[in-house]
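Chemist: On the provided structure of chain H, position chains U and A as indicated by the hints.
Residue numbers (our numbering), protein chains in the order written: chain H, 58 to 286; chain U, 6 to 278; chain A, 80 to 399.
There may be inaccurate statements among the hints.
What the hints assert, rightly or not - When the alpha-carbon atoms are kept at most 20 Å apart in a straight line, the in silico DMTMM-like pairs for lysine to aspartate or glutamate are as follows: (1) U:Lys-267 with H:Glu-59; (2) A:Lys-271 with U:Asp-85; (3) H:Lys-186 with H:Asp-196; (4) H:Lys-140 with H:Asp-267; (5) U:Lys-259 with H:Glu-264; (6) U:Lys-267 with H:Glu-165; (7) U:Lys-142 with A:Glu-290; (8) H:Lys-169 with H:Glu-114; (9) H:Lys-154 with H:Glu-59; (10) A:Lys-288 with U:Asp-106; (11) A:Lys-288 with U:Asp-104; (12) A:Lys-294 with U:Glu-109; (13) U:Lys-120 with A:Glu-279; (14) H:Lys-125 with U:Asp-271; (15) A:Lys-288 with U:Glu-109; (16) H:Lys-140 with H:Glu-59; (17) A:Lys-294 with A:Glu-279; (18) U:Lys-259 with U:Asp-241; (19) U:Lys-259 with H:Asp-267; (20) U:Lys-267 with U:Glu-250; (21) A:Lys-288 with U:Asp-85; (22) A:Lys-288 with U:Asp-82; (23) A:Lys-147 with A:Glu-290; (24) U:Lys-259 with U:Glu-270; (25) U:Lys-267 with H:Glu-264; (26) H:Lys-186 with H:Asp-207; (27) H:Lys-125 with U:Asp-206; (28) H:Lys-154 with H:Glu-112; (29) H:Lys-125 with U:Glu-270.
What the hints assert, rightly or not - Some chain A residues judged to face chain U by a derived CB distance under 7 Å, without partners named: (30) Ala-272; (31) Gly-276; (32) Ile-295.
Read the hints as simulated data drawn from the structure, not as lab findings.
Even glycine gets a Cβ: it sits at the ideal position worked out from N, Cα and C.
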Amino acid sequence: MEHLHSDLVELRQKLLTMASLAEVSVNQAVRALIDRDYDLAMQVHNSDHLIDRLEMEIDDASIHLLAKAPLAGDLRFVMVAMKISHNLERVGDEATKIAKRARELCQEPPVKMQLDFPRLTSLALDSLKSALDAFVHRDSAAARAIIPRDRQIDALNREINELLADFMVAHPEAVHRCLNLTVISKSLERIADHAKNMAEDVVYLCEAQDIRHSRIPPPSGAPDPLTAG
Amino acid sequence: MAQIVLPKVTIPASSSVTSTAPGNELIGIHNLSLFYGNARALKDISLSIRERLVTAFIGPSGCGKSTLLRCLNRMNDLIDGVRIEGGVHIGGHNINDPDVDVIELRKRVGMVFQKSNPFPKSIYDNVAYGLRLQGMKARSDLDAAVEVSLSAAALWDEVKDRLHGSALGLSGGQQQRLCIARAIAVKPEIILMDEPASALDPIATSRIEDLILELKKNFTIVIVTHNMQQAARVSDHTAFFYMGELVEFGATSKIFTSPGQKRTEDYVTGRFG
Amino acid sequence: MKASLDELSRPSRHFRTVRFDFVSFFFTGLTGLATFLILAILAVILANILFNGLPGLSWRFVSTIPKKDFFDPATTGVLPMIIGTTFRVLVMTLFVIPVGVTTAVYLTEYAPASALVTRIIRAAVNNLAGVPSIVFGLFGLGFFINFLGRNLDALLHNPGPVWGQPALIWASLTLAVMTLPVVIVATEESLKAIPPGLREASLALGATKLETILKIVLPQALPGILTGGILAVSRAAGEVAPILFTGVAYYMASLPHRLNDQFMDLGYHVFVLSTQSPDIEKTRSILFATVVVLLLLTFTLNFVAVLIRSRVRKKLRSLA
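This is chain H alone, in the form it adopts within the complex:
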């Protein structure tokens, strides 16, 4: 099964490339926002197609691999590869959105208000990095640790939204800029969501446990011959 194993190694390489591209895009988008760097924001926009193309390549490679009927850990890896690539593609899209809004904000004076954007961006970036590291190192425990943090990020996003809403009512001339900030906040929250999804996929890859949608019990499958009857 040598050809299968080398195909798996290639697939993993593609995923790692895509992951680092996505991570770089998000970092650059946030940097462009903070530094009000128009050119950096354009760079993010221009390199999004690379991420999209990798998603297609990974899907294609995965289908070809499935035709070779991998089993056990290999089978789980191919499934997870397809899911992670979709998540990474969405992360790339969110980074592009952030970059676009950042470009618009550059062209206007900065909004004068206290927003905990730095904490939101660092939490989101941290979640993304942790999820990708957990995938690279197949670290199930680290992946599990990411999941509860998502609540925090959701709460922070809501908080920022409320503050922005109040500010918009008080300062109608800043509506355009506030809306952009709202969108950016939402994107960052979505990036963290995708990181959580990828973390759940990593747990499935390592432990063969499906921990998504924790309120629903997992499906039961065939009866275990050693315990049933």
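Modeler: Chains U and A in isolation, oriented as in the chain H frame:
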């Protein structure tokens, strides 16, 4: 397709086992070891085969899966110098006891071999062979039984117009289905299959697999296969053997998506064997 | 010199000129010559026999029971010899086939391969095949006639020797013992040729070993058994030494019709004609005619057996 109605489970008359529901244990293997002279081919095997389910034995060549299969109908008795320790209990009775009638056992536990071996007789006579051994003589009875068996083996439509033609004139896949019809004609409870499709092309293989899934409604099936995807397709439980030992036994879906033992994972993903 | 891939793939220049392969031609010629030689020898022998024998052959010749003076071509006949030879071969077959097949079945299907008894039996069979035929004749005299026959007479309180003398039965039994190895070996070979899968399939269906042998193995082995029979018949028909002391007679006035009758024999008659004849020139034609009859009889017996065998084979192959 005609249904085969089974009588209740009644292994040698002394036992008082009643009919078991699907999923209950039918074959209990307890600490089974097998020796060829001084060489130990099976090491302390214990596993439980459930009624009316398909159990697959997988493992690399020489791991003992075929040897274990042949223990279940005592075909290993035919080899000189074989010694068995431990027990194989079918329906609660140890089949290695000296008072067990091996001939009766083999009527209850049928076998299909890797290389199809139809007798050089007509198709009809092949299927009727086992029945005639048991004393069935009336032409009408034999006709009916032959039709039921061939139908259950998904072969009736193809051969009904040439029942008295030679069995050797059939294709490989048809011959194997004939061997299956021959085996089920005597209404065994258990069918043992030793790599039944390994000599067949993919289409014939897939027909045999469909047949297995259909047969499992009425028979308990144990299949040895070196094709893991086949085991994944047809079986409910899978046992993985390595060098005479049982490494892992569990639900097929689990064995092939997330096995518990590293050796199982390595074998199933092709890292060895 | 390094050969580049291009050179290797370019067709050789010497493609067209086929060099004459002397060695192949030589060996082909040699084997052809050998075949021709054998056929030529056979043809010469047959031609000689037929040329000399056919003139003396007639319907009267094969249907007449001769008087004591059977050297006269005008009055002689070979009917008793034909009957005698045929009977002894048939009775031999009745004994040798069952015993031979049973022995072969035991050796192949039942005997453990490594046991001492098995090896002794096999050695005995092999050695039996090498015993000169005259020794069988002496054995037949000593064992069948002097021991079995005399004791049988004693048991039956016969006034005079009824069984304790040369007879058709004892000659046939002697021939049976002689041809036993042939039948055993032929049967064993055909049993071994049956794939073990067939036996396994039968046993797996709940048949006993005996049922498997009777229903599957022996029917399949029948052509091989018949081959053994054909070989036995061919050998026995022409053998004279084993019957010399055990049953053949110089002259019998009537045809043999009981198992303890003596009989006349074609092969023995040839010997008698060529050594006892007062006028060899006159007898020559009868001599060769008798040989022709013997050959014809042997061919006929063989032919019938081969016919039976080919029908059995056809039946095994296609059961339409």
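Chemist: Under the criterion that the straight-line Cα-Cα distance not exceed 20 Å, is the pair Lys-259 of chain U, Glu-264 of chain H satisfied?
Modeler: 12 Å, holds
Chemist: Given the hinted pair Lys-288 of chain A and Asp-106 of chain U, is their alpha-carbon gap at most 20 Å?
Modeler: 14 Å, holds
Chemist: Could you grab the alpha-carbon distance between Lys-267 of chain U and Glu-165 of chain H and see if it respects the 20 Å cut-off?
Modeler: 60 Å, violated
Chemist: Hinted pair, alpha-carbon criterion (20 Å max): Lys-140 of chain H, Asp-267 of chain H. Please report holds or violated.
Modeler: 13 Å, holds
Chemist: Run the distance test for Lys-125 of chain H versus Asp-271 of chain U: straight-line Cα separation, threshold 20 Å.
Modeler: 17 Å, holds
Chemist: Given the hinted pair Lys-288 of chain A and Glu-109 of chain U, is their alpha-carbon gap at most 20 Å?
Modeler: 14 Å, holds
Chemist: Within 20 Å, alpha carbon to alpha carbon, are Lys-267 of chain U and Glu-264 of chain H?
Modeler: With a Cα-Cα distance of about 13 Å, the restraint between Lys-267 of chain U and Glu-264 of chain H holds, given a limit of 20 Å.
Chemist: Hey, does the Ile-295 of chain A contact hint survive, CB to chain U under 7 Å?
Modeler: At about 6 Å, which falls below the 7 Å cut-off, the nearest Cβ of chain U leaves the hint on Ile-295 of chain A intact, so it holds.
Chemist: Sort out whether Glu-290 of chain A lies within 20 Å of Lys-147 of chain A, counting only the CA atoms.
Modeler: 55 Å, violated
Chemist: With chain U as the partner, please determine if Ala-272 of chain A meets the hint condition of a C-beta pair closer than 7 Å.
Modeler: Nearest chain U Cβ about 12 Å off; hint violated.
Chemist: Keeping to a limit of 20 Å between CA atoms, is the pair of Lys-154 of chain H and Glu-59 of chain H held or broken?
Modeler: 42 Å, violated
Chemist: Please verify whether Lys-259 of chain U and Glu-270 of chain U have alpha carbons no more than 20 Å apart.
Modeler: 11 Å, holds
The earlier numbered hints that this structure contradicts are 6, 8, 9, 16, 23, 30.
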